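Asker: Below are the chains, spelled out letter by letter.
There are 2 protein chains.
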Amino acid sequence: MADDVKKTSNKLAEMGEDVIKTLEKEGNPSIDIPLRTLSNVVFDKKTKQLMLGDKSAKRYFFNVAHSKKFMQTMMVGGFCKSLLDEGIHASIRDMYYNLKRTLADSNENTFDEQGESDPLIVDLEVALDTLREHLHLTTDRKGIVAGDVIIEDRGDEINWGKLGSGGWSIPSTVDEITFKSVKAEFVLVVEKNAGFERLHEDKFWQKFKCILIGTGGQPSRGTRLLIQRLNSEYKLPVYVFADSDSYGFYIYSVIKSGSISLAHVSDRIATPEARFIGLTVSDIYNYDLKKAIIKTREVDIKRAKELLQYEWFNKNPRWVKELNLMIEKGVKAEIEALSHRGLKFMSEEYLPDKLRKKDFID
Amino acid sequence: MADDVKKTSNKLAEMGEDVIKTLEKEGNPSIDIPLRTLSNVVFDKKTKQLMLGDKSAKRYFFNVAHSKKFMQTMMVGGFCKSLLDEGIHASIRDMYYNLKRTLADSNENTFDEQGESDPLIVDLEVALDTLREHLHLTTDRKGIVAGDVIIEDRGDEINWGKLGSGGWSIPSTVDEITFKSVKAEFVLVVEKNAGFERLHEDKFWQKFKCILIGTGGQPSRGTRLLIQRLNSEYKLPVYVFADSDSYGFYIYSVIKSGSISLAHVSDRIATPEARFIGLTVSDIYNYDLKKAIIKTREVDIKRAKELLQYEWFNKNPRWVKELNLMIEKGVKAEIEALSHRGLKFMSEEYLPDKLRKKDFID
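As given, the protein sequences belong to chains A and Z, one line each in that order.
Note that our numbering numbers the first sequence so that position 115 is 115, with each residue one more than the last.
Note that our numbering numbers the second sequence so that position 355 is 355, with each residue one more than the last.
Since the hints were made in silico from the structure, they are not lab data.
Predicted model only: the values in this text are computed from it and were never measured.
One thing to keep in mind: the hints can contain errors.
Said to hold, decoys possible - For lysine to any residue, the following SDA-like pairs were computed, each having C-alpha atoms within a straight-line distance of at most 20 Å:
#1 Z:Lys48 with Z:Leu262
#2 A:Lys207 with Z:Gly155
#3 A:Lys162 with Z:Lys162
#4 A:Lys162 with Z:Gly164
#5 Z:Lys203 with A:Gly87
#6 A:Lys162 with Z:Thr178
Unchecked claim - On the chain A side, residues computed to face chain Z include the following (Cβ under 10 Å):
#7 Leu83
#8 Ile92
#9 Ile144
#10 Glu157
#11 Trp168
#12 Glu176
#13 Ile177
#14 Arg198
#15 Asp202
Unchecked claim - Beyond 12 Å from chain Z on every Cβ pair, some chain A residues (computed):
#16 Val19
#17 Lys55
#18 Asn159
#19 Glu298
A virtual CB, placed ideally from N, CA and C, is assigned to each residue, including glycine.
Make the full structure from the sequences, and use the hints.
Answerer: Structure below.
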């Protein structure tokens with residue numbers, strides 16, 4: 001068993017043993033779970049990440065309001081421990097079905113719906129200071145990668161540069177892969193698969209010595225973890241290429257600073273050094289894309305104003321300028337808008353120009 | 001230029017030349033486009049596929065109601081021809097942005113929204129008897145594959161059995177890949193990525209000598225084309241493994257017989273020999289999954305009754321039995337329900353048992 005797996009398995013065992021010890025002393029077992037409410041999420045200026053604050057709550061075994069949830073938490077812990085000990089993984093839905101049963105001599109089910117078991121996983125992540133991936137619970141895979149990188153995964157040696165048009169499908173759990181060779185100068189994260197395809201076909205990652213990652217919208221946890229690993233282990237700059245709209249900007253901020261709902265794992269999955277390469281609202285004017293804009297709707301403007309409230313946007317005059325420009329002009333644009341200038345404009349003119357000028361926003 | 005590409009490029013050139021010739025003779029150019037309305041979709045009993053009927057309509061250049069659409073169709077055709085001639089691909093959104101412009105001396109745009117250009121692609125597919133993929137227009141990629149298969153794609157040799165936990169991400173265009181070695185006895189298509197992960201981790205494809213494909217819901221065109229190629233070129237039986245609900249059954253029928261909206265390409269992307277391996281409603285009872293069922297809602301029953309109207313379901317007594325059982329008992333189940341019997345129950349008991357008994361539905 002790998003050290004990491006053993007460590008997590010031990011944490012789960014300790015949690016269980018503590019409960020038994022307390023019961024033997026006729027005490028009231030409890031687990032301490034940091035609060036994940038909005039009021040307990042703070043933006044840490046130093047690390048530039050969304051983090052959980054200090055507030056926490058105790059869940060007691062002998063408390064009518066807590067006891068079912070306490071039992072369920074223990075069941076989830078036990079399930080994860082057996083995954084780790086057997087060296088297998090499961091989806092959170094597999095877990096729900098596996099744990100669902102009727103308690104003996106009753107009509108009471110352990111779980112009635114998946115909505116009951118899902119939040120307990122996050123509780124365990126927080127309480128045990130671990131990651132869901134380390135509990136061997138998989139998340140939906142999404143994201144593709146290409147580049148001059150050789151990895152080892154489940155005994156296979158995989159060259160991300162030799163996968164044809166397909167690329168490597170980023171799995172849910174990337175902390176178990178080993179990097180054998182990483183030949184790249186930066187990581188380019190593209191919000192859209194169509195953008196990935198375009199750049200991949202134009203051999204952008206070869207010409208510009210980068211690792212190309214397509215997230216297919218908001219990146220999966222696996223993709224965020226991979227970006228974080230490439231940045232922290234290989235000191236590769238990370239440039240995020242997303243639509244010029246509130247949603248694209250938000251995707252960038254999630255990669256960089258984490259999200260409110262996953263604030264408890266920001267330190268593992270966020271990449272504070274990530275920078276935004278485009279598409280900016282100014283780019284629409286600088287690169288003559290006015291014919292390819294989309295008019296903003298009310299919801300876009302509302303969201304842009306919300307982003308202006310977040311200190312990880314409003315402390316930077318460049319973001320304030322871009323967001324105000326969007327609000328004032330009422331325009332947004334997708335990365336595909338660059339095709340208006342020709343299909344290869346993205347890979348041969350726009351991105352090379354932005355890289356040369358180092359025109360990034362933090 | 002490959003022969004296929006040249007052939008499609010020539011078809012497009014001919015279409016344009018015909019228009020010019022007609023104009024030179026002071027005639028009224030037109031293109032003939034088969035109707036894609038529901039009334040023109042038929043189920044072909046012999047091929048077991050949904051096909052377009054004989055009805056078609058002419059689109060004229062000199063007809064006020066047609067002329068803009070005629071011009072747009074020619075623009076789309078011209079765009080695709082340049083893709084083919086340059087040997088590059090584009091998404092349909094790229095195409096829209098590329099073609100969108102304001103006509104000289106007017107306020108009239110060539111296209112105002114993507115909703116105008118998308119249907120013209122299908123028109124061209126039908127009119128020229130080709131595939132969108134052959135016009136070099138990409139679709140969203142989705143789907144993963146693993147197995148003892150070696151392919152060549154864009155000059156890279158890729159072994160689907162040596163890609164670790166990730167698998168090969170199925171690209172939008174699979175007709176350009178070359179199979180070098182295919183060592184498999186059948187293809188197992190799994191509706192859900194979680195099911196793919198489970199079976200992949202349990203090395204199911206190695207133990208049972210199959211090619212494992214995860215579709216992540218309704219399969220993409222690329223995935224359907226790949227299934228079709230493996231079946232037609234290597235005579236591999238195809239077994240579809242989907243949820244025991246109307247949506248899962250429908251996914252199976254789309255793989256097997258095509259869909260109403262894509263009836264014009266059924267002969268290229270459907271696999272009439274595909275068979276359904278499970279999950280059936282009977283399986284819920286035969287494999288003791290009653291504790292892991294979901295109660296049907298009104299919409300499930302309504303959909304099940306609709307499926308019973310389709311002759312590609314109601315001609316088979318097994319499907320009639322399964323659908324009626326669902327309606328009568330009011331139950332459905334996801335493939336993850338098998339985890340109720342243990343995480344490896346799917347790969348070590350359920351699927352081997354179904355394969356051994358050849359318990360498939362056509």
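Asker: A separate judgement is required for each hint: does it hold in the structure or not?
Answerer: Hints and how they fare:
no.	hint	in the structure
1	Z:Lys48 with Z:Leu262	holds, 15 Å
2	A:Lys207 with Z:Gly155	holds, 17 Å
3	A:Lys162 with Z:Lys162	holds, 12 Å
4	A:Lys162 with Z:Gly164	holds, 14 Å
5	Z:Lys203 with A:Gly87	holds, 13 Å
6	A:Lys162 with Z:Thr178	holds, 15 Å
7	Leu83	holds, 8 Å
8	Ile92	holds, 9 Å
9	Ile144	holds, 5 Å
10	Glu157	holds, 7 Å
11	Trp168	holds, 5 Å
12	Glu176	holds, 8 Å
13	Ile177	holds, 7 Å
14	Arg198	holds, 7 Å
15	Asp202	holds, 8 Å
16	Val19	holds, 25 Å
17	Lys55	holds, 34 Å
18	Asn159	violated, 9 Å
19	Glu298	holds, 19 Å
Consistency with the previously given hints fails for number 18 only.
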